[in-house]
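> In the order they appear, the protein sequences are chains A and B. All residue numbers for the first sequence refer to our numbering, where the first residue is 1 and numbers rise by one. All residue numbers for the second sequence refer to our numbering, where the first residue is 1001 and numbers rise by one.
It is worth saying that the hints were derived from the structure and are not from the lab. Any given hint might turn out to be false.
What the hints assert, rightly or not - With a cut-off of at most 25 Å between alpha-carbon atoms, the simulated SDA-like pairs for lysine to any residue come out as follows:
| id | chain 1 | residue 1 | chain 2 | residue 2 |
| --- | --- | --- | --- | --- |
| 1 | A | Lys-8 | B | Arg-1097 |
| 2 | A | Lys-177 | B | Ile-1083 |
| 3 | A | Lys-6 | B | Arg-1103 |
| 4 | B | Lys-1014 | A | Lys-103 |
| 5 | A | Lys-177 | B | Arg-1039 |
| 6 | A | Lys-103 | A | Val-116 |
| 7 | A | Lys-177 | B | Tyr-1140 |
| 8 | A | Lys-177 | B | Pro-1141 |
| 9 | A | Lys-8 | B | Ile-1083 |
| 10 | A | Lys-177 | B | Arg-1097 |
| 11 | A | Lys-6 | B | Arg-1107 |
What the hints assert, rightly or not - To give an idea of the chain B side of the interface with chain A (calculated C-beta under 7 Å), a few residues:
| id | residue |
| --- | --- |
| 12 | Thr-1011 |
| 13 | Leu-1013 |
| 14 | Leu-1032 |
| 15 | Leu-1036 |
| 16 | Ile-1038 |
| 17 | Tyr-1093 |
As the list claims (entries may be wrong) - Calculated from the model, a selection of chain A residues having no Cβ within reach of chain B, i.e. all distances over 12 Å:
| id | residue |
| --- | --- |
| 18 | Ser-34 |
| 19 | Glu-52 |
| 20 | Glu-104 |
| 21 | Glu-185 |
| 22 | Phe-190 |
| 23 | Asp-202 |
| 24 | Gly-249 |
Heads up, the beta-carbon is just placed ideally off N, CA and C, and yes, glycines get one too.
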Amino acid sequence: MKNLLKNKFILITTVISLILVATTSFLSMLGYTSYIRNAIGVAVTPIQNAAEYVFDSVGSFFSKHSDYDEIKKENEELKRRIKESEEKIYQAELAVGENEKLKEYLGIKNEHTDFVFTDANITGRGDGNQYTVCTLDRGSVHGIEKGMPVITPDGVVGCIGEVGITWSKVIPIFENKSNVGAFVERSGQFGIVEGTFSLRNDRTCLLTYLPQDPDVQNGDRVLTSGEGSTYPKGLFIGTVREIVSDEYGRQTNAVVTPAVDFSAISHVMIITDYETVYE
Amino acid sequence: MKQYTSKSPNTALKFAVYIFMLILLTVLQTTLMPRLAIRGVMPDIVLPAVITAAIYCGENTGALFGVCTGFVLEAVGGSGLSILPLIYLAFGYIGGRVGANARTTARFAAWCISMPLFISAKSLFTFFYYVISYGHSVDYPLLFTGIILPEFIYTCIAALPVFAVTRLILSPFINTK
């Protein structure tokens, strides 16, 4: 303790750090992003982007070659031909995958002509095990604002939780902070899809606030209801996996498996504007 | 005639190396580690690097490197409300004291003994973060077996390679006295 009090460098560093942490946290609670966070985000995002690209390439390289090894073991005679054709198939798969993805995105754009989209790439994911956030390469200079919905052709990813100049962060729908107005497509019953502590590790969420004796079955599709002004109506959230009761047995809830595979997405669309439909 | 030698090139190089380390750790923690995560739990590679820097380069360096890394990591991958910089500052300072009290030849032993304690302390931080964030809905057995324990084990596994790389990169700046 004596050493600590004598060490002016540590004392000054601690005081400055406390001020910065307090300022940053206070601004964050008010919904603002501090200049420091913004500057760091602007500086690091391009490097993150490059690293993501490298790790993607390395990952696909190794997965490609592990497949090749299996084929080689199964059939040594076709070794050379497989090697040649595999490269062609890999290139073709890349092209087909890209084409399919673009078609899907075009499809969803044609389906929702009232939506204004901004495409974005995921450049990073949460730094720890306490929270799950994805960092996107789009920020306030691209017209991104806090609360904007983020989707893929498969369904809802989440909404923008924080915006920097050139980056933004998505809070996925299975996170604890997330609440989405929803309805069951088959029965039309309304509820709220929310993230819970016990389900977030499985990347699933809970459909709650359903009416008494709700008409919900396993496999039912759950869509956004448009309530709450964040998400437009009719976006696919996921399917009901299990019907569960709360701990007191008074409320029936449904576990919903999101349509989006969060670990596999690399490209998303941010809905920057949409027309609200009143019925 | 008196000879003057400037220390600035060495200091500039030291800063450059630390900034490189900081960016490297941040990028790896936010891009590579999520890919290595098992059931959503990933190792913390920043903590072993901060402790290595602290034990081998002193408490001031450790604390400053810790707090800077904490800020950058929190800004790039955090949620906005985090005391991570202060945690790493404290770890950097304590790690530096551990290094100062150990003989030069026994620093690796000091690192080996103190590292599990630092990782446990970080796990304690993760535990309190969950308790504060999720309140009554925390499932304690799940929290322990699904997050705290795997995080501890993965970080212990990752610590030695991180130590080796950090020690190598920082070798020109290590205090030998």
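> Give a verdict on every hint.
The hints, checked one at a time:
The hinted pair formed by A:Lys-8 and B:Arg-1097 meets the criterion: a straight-line CA distance of about 15 Å does not exceed 25 Å. A distance of roughly 19 Å separates the Cα atoms of A:Lys-177 and B:Ile-1083; the hinted pair therefore holds under the 25 Å criterion. Restraint check for A:Lys-6 and B:Arg-1103: the C-alpha separation of about 22 Å stays at or below 25 Å, so the hint holds. Among the hinted pairs, B:Lys-1014 with A:Lys-103 is inconsistent with the structure: their alpha-carbon atoms are about 50 Å apart, more than 25 Å.
Distance hint between A:Lys-177 and B:Arg-1039 is fulfilled; the C-alpha atoms sit about 20 Å from each other, no more than 25 Å. For the given pair, A:Lys-103 sits about 17 Å from A:Val-116 by alpha-carbon distance, which is consistent with the 25 Å threshold. For the proposed pair A:Lys-177 and B:Tyr-1140, the alpha carbon gap of about 19 Å is at most 25 Å, so the pair holds. Between A:Lys-177 and B:Pro-1141, the direct Cα distance comes to roughly 22 Å. Compliance with the 25 Å bound is thereby established for this hinted pair.
The straight-line distance between the Cα atoms of A:Lys-8 and B:Ile-1083 is roughly 22 Å, inside the 25 Å bound, and the hint therefore holds. Straight-line distance between C-alpha atoms of A:Lys-177 and B:Arg-1097 comes to about 39 Å, which puts the hinted pair past the 25 Å bound. Restraint check for A:Lys-6 and B:Arg-1107: satisfied, since their Cα atoms lie roughly 24 Å apart, inside the 25 Å limit. Among the interface hints, the one on B:Thr-1011 is violated; its C-beta lies about 15 Å from the nearest C-beta in chain A, farther than the 7 Å criterion.
Interface hint at B:Leu-1013: violated, since its Cβ lies 20 Å from the closest Cβ of chain A, which is beyond the 7 Å cut-off. Given hint, B:Leu-1032 at the interface with chain A, holds; its Cβ is 6 Å from that chain's nearest Cβ, closer than 7 Å. Here the hint on B:Leu-1036 is broken, as its CB sits about 10 Å from the closest CB of chain A, past 7 Å. This hint is violated: B:Ile-1038 has a C-beta 11 Å from the nearest C-beta of chain A, more than the 7 Å allowed.
Here the hint on B:Tyr-1093 is kept, as its CB sits about 6 Å from the closest CB of chain A, short of 7 Å. With a least CB separation of 9 Å from chain B, A:Ser-34 falls inside the 12 Å interface cut-off, contrary to its annotation. Listed as outside the interface, A:Glu-52 is inconsistent with that label: its C-beta sits roughly 5 Å from the nearest C-beta of chain B, within the 12 Å cut-off. For A:Glu-104, the condition that its CB be more than 12 Å from all CB atoms of chain B holds, with the nearest at approximately 24 Å.
The claim that A:Glu-185 lies off the interface holds: its Cβ sits roughly 28 Å from the closest Cβ of chain B, which is beyond the 12 Å cut-off. The non-interface label for A:Phe-190 is consistent with chain B: the shortest C-beta to C-beta separation is roughly 23 Å, beyond 12 Å. Taking the minimum C-beta to C-beta distance to chain B, about 9 Å, the non-interface status of A:Asp-202 is violated against the 12 Å cut. A cut-off of 12 Å between C-beta atoms confirms that A:Gly-249 is not in contact with chain B; the least separation is 17 Å.
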